[in-house]
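Got chain A; can you put chains B and C on it based on the hints?
Each chain, letter by letter, is given below.
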Amino acid sequence: MTEIKLTVNGATRNDEVEPRLLLVHYLRETLGLRAANVGCDTTSCGACTVLLDGESVKSCTVLAVQASGRAVTTAEGAVNRDGTLGHVQQAFREEHGLQCGFCTPGMVMAVTSLLAENPDPTEQEVREGLEGNFCRCTGYHNIVRAALNAAAKLRAANDDATSGKAPSDGEVAA
Amino acid sequence: MIPASFDYEVAESTAHALALLAEHGEDAKLLAGGHSLLPMMKIRLAQPAVLIDITRLTGLSGIQIDGDEIVIGATTRHADLASSQILRADAPVLAHAAAQVGDPQIRHRGTIGGSVAHADPSADLPVTLLALGATVEVTGSQGRRSVGIDDFFTGPFETALGPDEILSAIRVPRLGGKPWGYQKFVRRANDWAIVGVAACDGRVALASMGGTPLRAHATEDALRSGATPRDAAALAAVGTSPGADFHADADFREHLARVLTRRALEGRTG
Amino acid sequence: MSILGTRVLRSEDPGFLTVGGVYTEDVQDERLAGALHAHFVRSTVAHARITSIDTVTASQAPGVVAVFTGADLAAAGVQPVKPMMPTMNQAMPQPWLATDTVRFVGEPVAVIVTEHPYQGEDAIELVDVDYEFLPVIVDPRDAEAATDGFLFPAAGTNVAVTFGEAGKLSGDLFAGCDVVASETVINNRVAPAPMESRAAAAVWADGRLTAWIPNQGAQGTKGAICGMLGLDASEVRIITPDVGGAFGAKFGADGEHAVVCWLAREVGRPVRWSETRNENLVAMTHGRAQVQKLTIGGTSDGIVAAYRIEVLQDCGAYPRIGAFLPSLTILMAPGPYNIPRAEAVATSVVTNTTPVGAYRGAGRPEATAAVDRAIDLFAQAAGVDPAEVRRKNLLPRFTEPHTTAFGAKYDSGDYVAALDKALEAAGYDELRAEQRRRREADAPLQLGIGLSSYVEITGPGGEAGGPNENGTVEVHPDGTATILTGTSPHGQGHITVWAMLASEELGIPIDKITVKWGDTDLVPRGGGTGGSRSLQLGGAAVQQASKELLDVARERAAQALEISGADLEFDVDRSAFAVKGDPDTAVPLSRLAEGERLFVRSVFTAPGPTFPFGTHVAVVEVDTETGKVFLRRVVTVDDAGTVINPLLAEGQRHGGIAQGAAQALLEEVVYDSDGNPLTATFADYPFVSATELPSFELVDMATPTSYNPLGAKGIGEAGTIGATPATQNAVIDAVSYLGVTHIDMPTSPQRVWRAIQRAASNGKEA
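For the protein sequence lines, the chains are A, B and C, in the order given. If you're matching positions, the first sequence starts at 0 in numbering that gives the first Met the number 0 and goes up one per residue. If you're matching positions, the second sequence starts at 0 in numbering that gives the first Met the number 0 and goes up one per residue. If you're matching positions, the third sequence starts at 0 in numbering that gives the first Met the number 0 and goes up one per residue.
Just chain A, with the same shape it has in the complex (with noise of 0.2 Å):
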């Protein structure tokens, strides 16, 4: 067994745990955070994205001991601080890009990344930036405009705060 610390959507996390453990399970089984899914064998669909340090990787390919010291974000924490759909997520359910729901949750981490590194992407940039990201309802159309349609809320936001105005109660900082 070996020991981690690190931090999950803001709280630290202390625990003894099997060195093959993958961080999805620890996550799922340990900390009971079930919004990631596992959706395959081969690091292929990304249901299991989250963000490592705010980057996306597939928490099915991180051991959780190699996420020791490191800060992960998963959907859980993705909310507003009074539990409002951030902007990524409002995003999502404006556009209808979701209908089972199995891979949401880590596209909607794979996107958040996507605009951290490249906040006024083309539909074209955004394809290939979810490409490791497989859904099998929404034929991706949707996904692709919730996507967009967050980059447009984000981009206002910063602009807000850049211009000095307040965020309005229970937004997080982008």
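Just so you know, the hints here were simulated from the structure itself, not pulled from any lab data. Note that the structure is predicted; figures quoted are calculated from it, not measured. Among these hints, one or two may not hold up.
The calculated lysine to any residue pairs, modelled on SDA-like cross-linking and capped at a C-alpha distance of 20 Å, are [as the list claims (entries may be wrong)]:
#1 K167(C) <-> P339(C)
#2 K4(A) <-> Y7(B)
#3 K511(C) <-> D572(C)
#4 K4(A) <-> V9(B)
#5 K391(C) <-> A380(C)
#6 K152(A) <-> P13(C)
#7 K292(C) <-> S181(C)
#8 K81(C) <-> T98(C)
#9 K511(C) <-> T83(A)
#10 K420(C) <-> V698(C)
#11 K4(A) <-> E8(B)
#12 K391(C) <-> D419(C)
#13 K579(C) <-> V551(C)
#14 K292(C) <-> D171(C)
#15 K4(A) <-> T54(B)
#16 K511(C) <-> T471(C)
#17 K177(B) <-> G266(B)
#18 K515(C) <-> F598(C)
#19 K4(A) <-> D6(B)
#20 K546(C) <-> T471(C)
#21 K81(C) <-> G226(C)
With beta-carbon atoms standing in for the labels, derived distance ranges [what the hints assert, rightly or not]:
#22 G594(C) <-> G53(A): 55 to 65 Å
#23 P606(C) <-> L44(B): 51 to 61 Å
#24 E433(C) <-> Q84(B): 36 to 46 Å
#25 A440(C) <-> E124(A): 25 to 35 Å
#26 D248(B) <-> E131(C): 27 to 37 Å
#27 E439(C) <-> Q84(B): 37 to 47 Å
No residue lacks a Cβ here, since even glycine has one placed at the ideal position from N, Cα and C.
Frame of chain A, contents of chains B and C only:
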């Protein structure tokens, strides 16, 4: 879907990592991003008894200019290669190739050292480094040695790296404005190349045309003799031994090698 | 203002977007405390006798509680599952765990139960199975032709069932045709691959089984489990958690589900199971898998006179729903075309591959793909534009039901209008001009335009006397309402739409309406969700129950006010009854639920299935040097009658189009000649990702049906049906000027390139 059990050690220094490798020998594997190793372990194609995590060794990471070369630490991630201003200016084919590896999540974890040590003949970085004429720096208990990239890949998923050695850095020449091209033929964006071509400054390398990435020597010779890209590319498959799978038979791969080499020599990416 | 027809955002979403859906693997229930975990050992060979299974080492591995083989189950009285229809060869039963013979790679041969799931993954490697290889049949043509070496020796044949009379095909069907074209085409085997693989969780308490199983209809799953375990309906409760997609492959129950339920009783503890993606790709039923011999003939100016399709259905190793689906292919064989003489027959055979089941469209995409391929073959042979051929041969607009020669009673249709709208939206003439320009320039990147005009059958099933569906609506004293439905949503948004329908009638806000389904204790009867039935039957039932509830409420209000019900009017905006002309006497609907419960269960019965239709136009670019295809545009008209929530209807179309195009371009299940699956991971199976698809262009058209008060037909499968042939035809169209007449799906670069090479060498020989 999950690996067999193993022990996990965190290397606190290069010397520590080498000592652990010496202690465990063939039972141990180095772990950086783990995105070549962990997928194999999850389907139990690899079952090392010990994983030695080297990500705390900051000296193994980073991109720096060193005279007329660029030195890239082994644990530098693909995402950082892709966004590196140094690489974009002085080895753009490598920055481009790194941006093609897998998908964004994979690029946030996978490293150049891991990819080169893994030596998948279909992968993006090995073929690109072959086209660049890179040098691999290896650190062992006896000190450092350099291996030319032409001698580094010895077979499918096999390299000149010893079981007690660490691939510590990659050196590539600074090629600035020299013409380059890169072609990766896939059916889906995050697939491995059915055939891949990296071309840079007269060197042409092929992926998925044999057990290792291969130099297209006949094409290079023709170019040196003044042949046009089209005529030189017609020789791209000479000396190759492509396999066959349900995506492509050997003859189709040979055809693709010729077409894609011509496009790479024309400076195209795709 | 009616809420129907508006883009209401889904009530389902906030949960999915934050804490995530609660799929079977996520379910936390005190009844499952201390659950064990089941893992299956699966065959690594395609056809063999099992000579021995050594489970001793595995049984001693850490955490192993029990190990069972097929022999253990048989000794305990477990029976294999007979083919679902009596007309199918009954000598082809499927055991839950293979007993003496394995017939496909991935067939379960043993099951291990462990304390922790990781231990199960370790333990299954320790089971040693000895196989005596038997000859493998992978191609259904070989299966049909075989005279010995049958998969089921007792059956004396590999034929599971036939449809139509192959012996009665007319020898002169094409007599008099100026132009006859024929081709044998493959409708490729694909994997449904929902993002959530199969799973189950089961517990026995007080002599009763409670099982959580992802499904497309809890009632059907319960029936299957009862049948397999020999249980009475009162002994079983099926609960349906959130389901991560299904696409036809989660109907009823598979052997693995039955094993998990059986294990829970056998070991006396709850048992859970989640399959890996690798298992899913080899052991969940596959889709399509037909070889189709097509012949079409007509006049030289493009009027079709005759069409024949001979289907060879690959059932996989055991006849499941897949064996039956060719009957739907036959039923829909002529599609929307007016074909004076048409024949269709089918044979379903077993092979040493994964069993074939339903997959989005289930038998109808195969019909459309065939007839639209045939139309294009005919058009090319006759030298007439394929859009023109379609226009000339589509059935003219009809508003009264039209019965085809195959017995399908199309309810309403306006096929030519759908074609024209699609062509106009696509800019067909400009596309053809661009194509001409590129051909003249011999451009390496050629343009292809492909069409499909389809009609499909939706809305089957339900209780006896179907097609029908039940809905229960209850209004509570606190002003909220609950709906119980016999449908089984897994992404379609029934919570939102059923609430819209009830809200429209009752005036109760959508966010005060709860929708429940999928628990057989709560909703004992229902037809589930599949065949695009839910809105036209289940939604209609909700609307009907709501209206009937108002009738009941009106009577209560009348009694309470001591007046006649006819003197009351219902003000939906206030959700209250008031005396006509005296709004101050309002009695809220909720108040009428005080004292005695206010609910109605209603069954809506339709006169028959409905027939949505449309036209798809696909535009591709083909790199003629490499064969690679780029899908640039898909323009669709999908007329499924009245649209209740356009946002959700569009989503269904998008998803269907993506799957349909994926089958044409990318996806295929591949076996080598030994029956080893080569596409058994998501890295190998070419599951379509966002980079291979464009955004789609949807054109609205709604021709209502008279078969339900909503005017709605089924939309869920339409996209899949039209997109496949449109995309395939587009690829072939791109290189038809080089002499190519056909390319099988998926149109991989190699297939396209080889077709170009072949046509070039044929041209040289000619």
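Tested hints:
The hinted pair formed by K167(C) and P339(C) meets the criterion: a straight-line CA distance of about 17 Å does not exceed 20 Å. Under the criterion of a C-alpha separation no larger than 20 Å, the hint pairing K4(A) with Y7(B) is consistent with the structure, at around 15 Å. Restraint check: the Cα-Cα separation between K511(C) and D572(C) comes to about 15 Å, which is no more than 20 Å; the hinted pair holds. Among the hinted pairs, K4(A) with V9(B) is consistent with the structure: their alpha-carbon atoms are about 14 Å apart, no more than 20 Å.
Between K391(C) and A380(C), the direct Cα distance comes to roughly 16 Å. Compliance with the 20 Å bound is thereby established for this hinted pair. For the suggested pair K152(A) and P13(C), the alpha carbons sit about 18 Å apart, so the restraint of at most 20 Å is met. About 7 Å separates the Cα atoms of K292(C) and S181(C), which keeps this hinted pair within 20 Å; it holds. At roughly 15 Å between alpha-carbon atoms, K81(C) and T98(C) fall within 20 Å of each other, so this suggested pair holds.
Taking the CA atoms of K511(C) and T83(A), the gap is about 19 Å. The hint holds against a cut of 20 Å. About 8 Å separates the Cα atoms of K420(C) and V698(C), which keeps this hinted pair within 20 Å; it holds. With a C-alpha separation of about 16 Å, the suggested pairing of K4(A) with E8(B) holds against the 20 Å cut-off. Proximity of K391(C) to D419(C) is assessed by CA-CA distance (about 12 Å); at most 20 Å being required, the pair is judged to hold.
Restraint check: the Cα-Cα separation between K579(C) and V551(C) comes to about 18 Å, which is no more than 20 Å; the hinted pair holds. Between K292(C) and D171(C) the CA atoms are separated by roughly 17 Å; this keeps the pair inside 20 Å, and the hint holds. For the proposed pair K4(A) and T54(B), the alpha carbon gap of about 16 Å is at most 20 Å, so the pair holds. Using a Cα cut-off of 20 Å, the hinted pair K511(C) and T471(C) holds, with the two alpha carbons roughly 16 Å apart.
With a C-alpha separation of about 10 Å, the suggested pairing of K177(B) with G266(B) holds against the 20 Å cut-off. Simply put, K515(C) and F598(C) have alpha-carbon atoms about 14 Å apart, close enough for the 20 Å limit, and the pair holds. Distance hint between K4(A) and D6(B) is fulfilled; the C-alpha atoms sit about 18 Å from each other, no more than 20 Å. This hinted pair checks out: K546(C) and T471(C) have alpha carbons roughly 11 Å apart, not beyond 20 Å.
A threshold of 20 Å between alpha carbons decides the hint, and for K81(C) with G226(C) the separation of about 10 Å falls inside it, so the pair holds. For G594(C) and G53(A), the Cβ-Cβ distance of about 58 Å falls inside the hinted range of 55 to 65 Å, so the restraint holds. At about 58 Å, the CB distance of P606(C) to L44(B) agrees with the hint of 51 to 61 Å. The given range of 36 to 46 Å is respected by E433(C) and Q84(B), whose C-beta atoms sit roughly 41 Å from each other.
Between A440(C) and E124(A) the CB atoms are about 30 Å apart, so this pair conforms to the stated range of 25 to 35 Å. Range check, D248(B) to E131(C): about 33 Å between beta-carbon atoms, so the 27 to 37 Å window is met. Range check, E439(C) to Q84(B): Cβ separation about 45 Å, and the 37 to 47 Å hint holds.
The structure meets every hint from the earlier list without exception.
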